[in-house]
Amino acid sequence: MNIDLAVNALVRQLELEKSDICSKPINETEIKLSAQQLIPAVETILDAGIWHLSTITCLQVADELVLLYHFWHSKGLTLCVTLETEHAQINSLTTLIPGAEFYEREVREMFGVEFVGLTNPSPLLLPDDWQSGFSMRSEKPNKTESEA
Amino acid sequence: MKKILNHLRTFIYLLPNITSVFFSKAETIKYPQEPSNYSSGFRGSVRINQQNCVGCNACVRDCPVSALQLIKVSKESFSLIHQQDLCTYCGQCQLSCKFNAIYLDNTYNQPSADRKNFRVVLLKKGKL
Amino acid sequence: MNITEFLFNILIFPGFLFLLALALGLDWLDRKLIARFQGRVGPPWYQPWADLLKLFAKEDILPAGTNVVFTSLLPLLSFASVMTALFYIPIAFRRVPSFQGDFIVIMFLLSVPSLLYFLAGWATKGVYSIIGGNRSLLQYFSYEVLFLLAISGTIITSNSWSIEGIRQAQFEQGAFILPQIFGFLLALSGLIGKLKRGPLDIPKANSEVIAGPLTEFSGKKLALWILTNELQTVAGLSLLIYCYFGNLWQMNKLSGFLIFSVLLVLMQCLLSAISAMYARLRIDQLIRLNWYLLIPLSLLHNLYLIIK
Amino acid sequence: MSRMVIPIGPQHPLLKEPLSFLLTLEGETVMDSSMRLGYVHRGIEKLAEQRTYVQNVVLTERICGICSHIHTTTYCQAVESLLGLEVPQRGLYIRTLMCELERIHSHLLWMGVLAKNIGLDTIFMYTWRDREIILNVMEEISGGRVSHAVNTIGGVRNDLTKDQMNMLKESLALLRKRVEELLRSIEKERSFKIRTQKVGYLSLDDIKRYCVVGPVARASGMDIDLRRDAPYAVYDQLDFEVPLMFEGDVWARSKIRVLEAVQSIHICEQIINAIPQGPVSVKAPRRVPAGEVVSRSEAPRGEVVYYVRSDGSQNPMRLKVRTPTLTNLVTLPKQLKGLQMADVSVVIAGADLCIACGDR
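Chains as they are written, first to last, in my numbering: chain D, 81 to 228; chain Z, 13 to 140; chain X, 7 to 314; chain A, 10 to 369.
I should point out that these hints are in silico values taken from the structure, not numbers from a laboratory. As the structure is a computational prediction, the values presented were derived from the model and not from experiment. Heads up, a few of these hints could be off.
One side of the interface only, derived from the structure: several residues of chain X facing chain Z at Cβ under 8 Å [said to hold, decoys possible]: (1) 42; (2) 43; (3) 46; (4) 279; (5) 283.
Each residue gets a CB set at the ideal place from its N, CA and C atoms; glycine is no exception.
Let the sequences and hints guide you as you build the complete structure.
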């Protein structure tokens, strides 16, 4: 099963709009979702036979955190979820994809996104007594992005 | 019979290898006795062509580790300083230079115990 | 025997200095050979001496909470027991006090260092030391039996419990190496386990337990442990030479010394080649191999010798 | 039997890079394990945000000491696609050549580490001796043994001369002989086989659940290779096979890596014969238009993912690196459970960890 069919299934199940889907360079499709839609979306994708989660990218745009779930199956598929910076919280994928554990732990440490249901929330990269906040968050939160 | 022999052979599989290696020349070299030679493209140390440099700052701007430093007084008088202890010898300065002034060659810097020796004035032009 | 001759015998020849030179020479040969098998240059001849001197000059550190007297006694005792065993083994062209049963004494003295090695692991209280110590004890129970069983084939054939007796029997019956080649190979594999050489260096496998029981030792104590192991190599190899090639030379002659040296070097080559050729076994694999295959084989071998 | 907790790492002869394991042992059996990373965390992702695109080429090369070229390749690919640059064919060919040389070098290095960990020092010395051939070739081509600095945005820096091609041809012929010899040894050598077979088993289902990539996945029967499935550079013009095995243990992984090295030699020979004439790079502008891109490529250890987001300035707004080591690390607690203490070294070597990659 290929990415296009999975995208169609996603659109059908979650009733997405055309504007939520855009294509990016190097065979990449991006789909914008809300935080609640993530788990059903990943379930749909797994059902469609796309098992490979490449990574989870987190980035800060203005005062929002953007989580990007990069899937791959001959072509790329990115699920994009936007969260508030303060008290950012999202469901963990580790029950569906155990391989997501390290990516979620890293994002949790570096950006302070709380993953609900993360199997092993102990620190991965930073020391146990780390107290200097979330190091990957932008120092200048007012820096805005000029979208092309 | 041949099968049994092959099976027995797996118990001493490396024997032919180690005997043939034993009678051939060693791959390692005795370091101080035999000097190691660098290939022609080896990026050993940063050099400059005095005439070509115009002090355009391109190499300083692109240096990933800020190992180059340009002290510029006017268009004619400037000096270019190379910090060898910071340099990673990546060759980006050579690539960025439009005038073929800065380049890397395969001579090798001897290490030094003093940090001062790593600060090399590559170029001095005009009055500073 | 006057006092100077006595001191000369103890300290220089054929006593301490000669044995030291022999042990370190064999060590150098081992390192050089393995290096050449692997395509490297290898160390110069004085490298083992330099290593030993350096270790003796180094500061001696022990982890807090260990008993200093006990941990110092362990390497000293093991060194002493190997030296005592060497006193009964007629190295080169030296006559030794031989008596019925000295074979048993030598076997006992040679196995003392292994037991002390295990104790060293427990005495220094490191996790790696303890695991290494446990492994060395497990290994002790497999190779020691094998070595004893395999080499007792020569006792059965020669009907004597002394080294000199085994040697004399070979003058009458011919060298035991040909009729007892299997016994020799089994004894050699037992010896590899005894000396903790590759592929049976399980107690000190450096990718798993760092240096096993010796992890926490340093300085003079470590030097003594290493020296013990090297002297054990000399003792074990010469024991095998006496038991299997006993008739090839006469005592107290220079030609005897030369033949003995040649045999010693050849045996060392064999050991080096074996340790260069194989990967380290796992401890359970070793025990299975020993108790399911090698020990029954050596028993059968002895049974065959008795019936014959 | 009493339980004992033993630490492996951050400094341990078994690990070539710092990584911390805590193993709970019962006798010699591993009952539980926990892992910590971050001892070589250098904050490269954050650092990249403060540097220009050109400077980041050198920075990404420093992520890994073994697969340095693939990192710059993936990064340059990403930036080039943002810029809309068309890299000249000759440049792409040289890039691919370096990728494949690096794959051989990495696999040989890994094989040596595995052999060292199981106490077979002879194989270790032989593979590292053969690896030296590759390093010499790479130094001749690029001027650096490990940090090649071949890539630049818009192509490659170094052109291949006739002499270099001849040297490459000779070296590859010698290397092919050596690698085939190595392949025979790991197929036949008995002590190697009994140490590595049936150790660290991963089923096809585990591979899917843990999203494992690269040779570890292919050794369990997962047919995935980005070079074939999503060709980048010039892989669509080359002819090669993706070896596949189904045992799923460390022995299968070692064999598959050597088989891949043979394939890589084959690819290199094709490249030398087919390389077109022409320029090797095009000029790239310093400012990158706003946009985002996910770039993927097949490193020696599996899939490397770069995510680059640009806001139209000289510096990237976000650079995310996902290295294949992370996917292999996740599976380690599962692989280690119930093993003998002596097999821990085999499994850790079998996963082919590159901690510097994983930490970034």
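So which of the earlier hints does this model not fit?
Hints that this structure does not satisfy do not exist here, as all of them hold.
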